[in-house]
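Peer 1: Each chain, written out:
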Amino acid sequence: MRRLRAALTPYALIFPGGVWLAIFFVVPTVVMLSLSLQSGNVADGFVFTWNWQSYVDGLTNYHDQIIRSLVYGLAATLIQIVIGFPVAYWIAFKGGRHKSVYLFLLLLPFLVSFVLRTISWQFLLSDNGMLLGPLKDLGLLPHDFRVLATPYAVIGGLAYNFLPFMVLPMYVALERIDPRVLEAANDLYANKFQTFLRVVLPLSLPGVFAGVLMTFVPASSDYVNASVLGGTNTTMIGNVIQNQYLVTQDYPTASALSFTLMALLLVGIFAYAKALGTEDVLEVAAR
Amino acid sequence: MTEIQAGAGVAGEATSDQVPAIELDEVVKEYVSHGEVVPAVKGVSMTIGEGEFFSLLGPSGCGKTTSMRMIAGFEEPTRGVVRLHGQDVTNVPPNKRDVNMVFQSYALFPHMNVWDNVAFGLKRKKVPDGEIRRRVGEILEIVDLVGREKRRPREMSGGQQQRVALARALVNRPRALLLDEPLGALDLKLRQHMQIELKRIQREVGITFVYVTHDQSEALTMSDRIAVMNDGLVEQLAGPREIYERPATKFVAGFIGTSNLLSGVVRAVNGSSAVLALGPDDRVVVPIRETVAEDDTVELTVRPEKITISTERPEGDLSMVEGTVSEVVYLGTSNSYAVALAGGAEITVFQQNAHDSTTTAERGDTVWLSWQPQHSYALQ
Ligand SMILES: Nc1ncnc2c1ncn2[C@@H]1O[C@H](COP(=O)(O)OP(=O)(O)OP(=O)(O)O)[C@@H](O)[C@H]1O
Ligand SMILES: [Mg+2]
Numbered sequence: 001m002r003r004l005r006a007a008l009t010p011y012a013l014i015f016p017g018g019v020w021l022a023i024f025f026v027v028p029t030v031v032m033l034s035l036s037l038q039s040g041n042v043a044d045g046f047v048f049t050w051n052w053q054s055y056v057d058g059l060t061n062y063h064d065q066i067i068r069s070l071v072y073g074l075a076a077t078l079i080q081i082v083i084g085f086p087v088a089y090w091i092a093f094k095g096g097r098h099k100s101v102y103l104f105l106l107l108l109p110f111l112v113s114f115v116l117r118t119i120s121w122q123f124l125l126s127d128n129g130m131l132l133g134p135l136k137d138l139g140l141l142p143h144d145f146r147v148l149a150t151p152y153a154v155i156g157g158l159a160y161n162f163l164p165f166m167v168l169p170m171y172v173a174l175e176r177i178d179p180r181v182l183e184a185a186n187d188l189y190a191n192k193f194q195t196f197l198r199v200v201l202p203l204s205l206p207g208v209f210a211g212v213l214m215t216f217v218p219a220s221s222d223y224v225n226a227s228v229l230g231g232t233n234t235t236m237i238g239n240v241i242q243n244q245y246l247v248t249q250d251y252p253t254a255s256a257l258s259f260t261l262m263a264l265l266l267v268g269i270f271a272y273a274k275a276l277g278t279e280d281v282l283e284v285a286a287r
Numbered sequence: 001m002t003e004i005q006a007g008a009g010v011a012g013e014a015t016s017d018q019v020p021a022i023e024l025d026e027v028v029k030e031y032v033s034h035g036e037v038v039p040a041v042k043g044v045s046m047t048i049g050e051g052e053f054f055s056l057l058g059p060s061g062c063g064k065t066t067s068m069r070m071i072a073g074f075e076e077p078t079r080g081v082v083r084l085h086g087q088d089v090t091n092v093p094p095n096k097r098d099v100n101m102v103f104q105s106y107a108l109f110p111h112m113n114v115w116d117n118v119a120f121g122l123k124r125k126k127v128p129d130g131e132i133r134r135r136v137g138e139i140l141e142i143v144d145l146v147g148r149e150k151r152r153p154r155e156m157s158g159g160q161q162q163r164v165a166l167a168r169a170l171v172n173r174p175r176a177l178l179l180d181e182p183l184g185a186l187d188l189k190l191r192q193h194m195q196i197e198l199k200r201i202q203r204e205v206g207i208t209f210v211y212v213t214h215d216q217s218e219a220l221t222m223s224d225r226i227a228v229m230n231d232g233l234v235e236q237l238a239g240p241r242e243i244y245e246r247p248a249t250k251f252v253a254g255f256i257g258t259s260n261l262l263s264g265v266v267r268a269v270n271g272s273s274a275v276l277a278l279g280p281d282d283r284v285v286v287p288i289r290e291t292v293a294e295d296d297t298v299e300l301t302v303r304p305e306k307i308t309i310s311t312e313r314p315e316g317d318l319s320m321v322e323g324t325v326s327e328v329v330y331l332g333t334s335n336s337y338a339v340a341l342a343g344g345a346e347i348t349v350f351q352q353n354a355h356d357s358t359t360t361a362e363r364g365d366t367v368w369l370s371w372q373p374q375h376s377y378a379l380q
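Sequence lines, in order, name chains G and U. Residue 1 is where the first sequence starts when you use my numbering, and the numbers rise one by one after that. Residue 1 is where the second sequence starts when you use my numbering, and the numbers rise one by one after that.
In isolation and in its complexed conformation, chain U is listed as follows (with noise of 0.2 Å):
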């Protein structure tokens, strides 16, 4: 369901000609629970590939630890392949599997110090006494662990559980590493110092990550793509300046950011964009994705940062909206406008507090809205 357009730039595809390291292919995972159907997965196809920072993003209960744990191994997909590095492990055991997993919990073993749960992997490889040594203390330096390799994972805070449980990973250089919102249980700011750490850290080590959040900003700032996923599918894969810009569905829409829907009938298409009835003075015009027929009805979202907010009716070739302002929220660095349309619909308005402090408009002002008609998209 996912087009990716022209001139989306290479964030697009999955990078270049070589291997990709994971594929899922038509992947479907139902859960019989209670005798009850349950399906998780309804059929997600996705390419990540090699040093990729990859995110599934999307609401509770979508999907994404599900998709997750097929990577791994942990379940067995209903339907569909898996294929790490070109190769079908859709039976393979987790245990033989060139990936490791970050937990969301941690999963740390509570009986041995933090060196021996960083070594446990290596071990099981019987990788030789001083090749492990060295490595184990060559990943401790990494996360910033070296002096505390005697202790529990009960002695330590969630922060440096976190990082305990990235080294154990990490150490055996696999190459896939998967997070299940790994940063899911620390608070803000060490959130914030973490997400930095992390990629850092990729970039240090330069393994593929799969990173699962539910978290849009992170997804945002973080990932080199980003799969949003909603109700078992995949809604839209792309990067994220592009998810962030270019919503493909209503849904994206909603989920990323604040988004302003707007919805008209089409009254005239002129080759790539459609000139959309809004009020008896509003003038919208929209890129369109598919062909529209005059009389369908569109949607169309546009950022609430992309719209100028004035008294005046602007000139030029911007599309325009008119409506009440019905509240003026002060948020430090800019404004927020709500404004309501003649139609029903509320859009939202972030205006910079660029120059000086005062409002363009008062709660009960009738505004004009303009935005550059590029800054619109039609959904799907």
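For reference, chain G alone in the conformation it holds in the complex (with noise of 0.2 Å):
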């Protein structure tokens, strides 16, 4: 009795998971994969045909603003890291007996709403706004010097809305580092620059690995930036996606565009683990 309990154990606690999951995710995906297939318009219906064409055509179509969006996640992501690992490290090694407080200052901007952040940084960056009103009158900046729709915009709003998914799983691997580790490099003749790109840079790795998958994958497909802060030619494959959706109502091309940039995304992820020399970098997050 007791070894059939144990036995069910591990199952009866992934069973409420496995069913959110099951529920809101396999189906929905099952769906969007069949719908991706389908042929029709929204006034008569979609049928089931084994369309290949929405892919096709969502390629031949989008393919400006697919790859514009790996381009635009992956200088986030870049961006996030060159901003994150001090702010990580930081925390970790210099925070003290305020750790806590620092991470809480850190996520405090994030317990905004994400369309609201972004809009205010639509404020911010807005031509004659906070920041570049000033920078104009005192002629730092030409007139017609804006940042409002350009890629540099949709960019920073990605790398800034991120950041705390970038800096969090790198903290986490950085807090992990006994510091005895750390003397022990020092005792055997490292000296602190040598400590940090033999020790503590390569102990971190899992953290920054979490963080660019983290950042990177939603980063690449969000609309809000490129809608709020963004203009025509700054338009990610969200904001098609979003649009096929909503406004066209063409949903195979949607669906199919999503599983592109879903497929897409795993591929790269893939790689990327792979070139880390993952099952390692996986295993040691994962302790």
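Hints listed in this document are in silico derivations from the structure and should not be mistaken for laboratory results. What you are looking at is a predicted structure, and each value in this text was computed from that prediction instead of being measured. Treat the hints with care, since some could be wrong.
[Said to hold, decoys possible] Not the full set, but computed from the structure, chain G residues with beta-carbon under 8 Å of chain U:
#, residue
1, E183
2, N186
3, D187
4, A190
5, Q194
6, V199
7, P202
8, L203
Virtual Cβ for every residue (Gly too), placed ideally from N, Cα, C.
Now that you have both chains on their own, put them together as the hints suggest.
Peer 2: Below, the structure written as structure tokens:
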């Protein structure tokens, strides 16, 4: 009896989450996959016809937006690494007794709704707004200078909006480093820089890896930043999909584009994992 | 506070006239935590000889780790001077000191395999590749880890990790190796095995070992000399035999092994010994170190195995006291008696089971305890 219960426990534990995912992830995914292969229109209804044309159309018409999304996502991710790592490092190693306070401060802006935050960026970056206005008045910038509606605004917004998802995993990895291990490196003739390069950095990689996954994926499929901060030539694939679903109501194309993006991201993730020599990274991350 | 006695032998002194490997000169370390000054080491001086196996022994929190971290360079002394081979290194960072440390938690690099862990120090010192290969191979042989070069630390047992930590430090041929409770995390059997291994390795490589432990038997069996620390100070610094046989202070007597403490008023002083007043028929003579006068109270210690238990009052020049057996415990190779004296003190006696296993006395019996006066010591 006890053994039976022990054998069933893991299943019992995974049951609620499993059901949740089955209903709210697997079902919509299957529906969407089927939708992407249907043909028809909203008025007459869609029928399943193995219609691969949606994929071909999606790729031919929107390959620019797909590439742009991946590039923006990548750029935002890189910016986040550069900005986030020192922050995570500082909190982990210099935060002392107030680590949780600093973490809270880091998260504080993100308690505000995602869309609202992006809109406030729009105010901030607007052509004669708080940031550019004074600079222009001082003659430091030309009058026709603008940030809004440029790729910089969109990438900046993306980098800002997903920052905690980069910093937190990096912080967790850094925080877990045993200070004695750093002392050991120092004892074994490594100076501060060598200790950082040979010990801190490699040990933080699982965190960076997790951070990249958690920011690159949502950043490259985001549509809010591009629609609030961007212009006509910064449209990302997320905007296209949103538009196809809600405005054009071309569900097959929207679904096909979603799937294409998903496939591309998966391929990218696996290539990335492979390149980093991974199992190990994932294993260390899981420890 | 530690006066080395005449006749204590070389064990009491740092070896010979060469430059000592490590010197601590009136070293004080005060931490500031929560705005309060915490004195961890209150003024420690010691001289550790080249090639010596030197132990820092003491209870938790007495400042052993702090002392060692000042030798390694992880902590700067608040006051005092640290010298390595005659050179003042008080403000020299760890990576510029020719000593290596073995951490209690091993502190192996989790992302590197055994080989890379061990080679780390040599690579930082820019030792040529060929020599790194040779030296790492050699040391792995000494610590018996050949064939495990590709393992990660977490794929190894505690004892194996311990040996990697040892190899990682030793491979650099430091002029001194600092070990902070290196066997603390191991089970008893492995611990005993590693004690022997460590001694063997130390003999083989001939490096000065500074060994931190709070396990007295470990310190006694392994060390050439021991500094017994208490509350940030060195209570006694001497060889194991002297520490055990002639504890200098009450603390040392109590901390090392089982010892009996007796106190009595001096009735007479003749030369280097004093006669103490205890019970009416008792006779206690104790060698004294300092000048004591009549009517001073003197505390003395005598080890349980030095005491003979008998039912008759013994003859001869022995010290002897009368008491009542309050407990008899059979310990296999010996019997342990607890004997209550009239004055209230309780004395423990170990008696070997040499011939037969019958006990000399039973609970409640009145017995005489006797010992050679030179086996007892007056405490400061
Ligand atoms: N970084 C620190 N900040 C404040 N106080 C400290 C610090 N490190 C040690 N102490 C204090 O200094 C004293 C000595 O500590 P230390 O670590 O040297 O003891 P120890 O003899 O090694 O003990 P243990 O056997 O438990 O390891 C302790 O009272 C400890 O609380
Ligand atoms: Mg300690």
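Peer 1: Each of the hints needs a verdict: does it hold here or not?
Peer 2: Cross-check of the supplied hints:
1. E183: Hint on E183 (chain G): holds, closest Cβ of chain U at ~6 Å, below 8 Å.
2. N186: 5 Å, holds
3. D187: Holds - the Cβ of D187 (chain G) comes within 8 Å of chain U, reaching about 5 Å at its closest.
4. A190: 5 Å, holds
5. Q194: 6 Å, holds
6. V199: Since chain U brings a Cβ to about 6 Å from V199 (chain G), closer than 8 Å, the hint holds.
7. P202: 5 Å, holds
8. L203: 6 Å, holds
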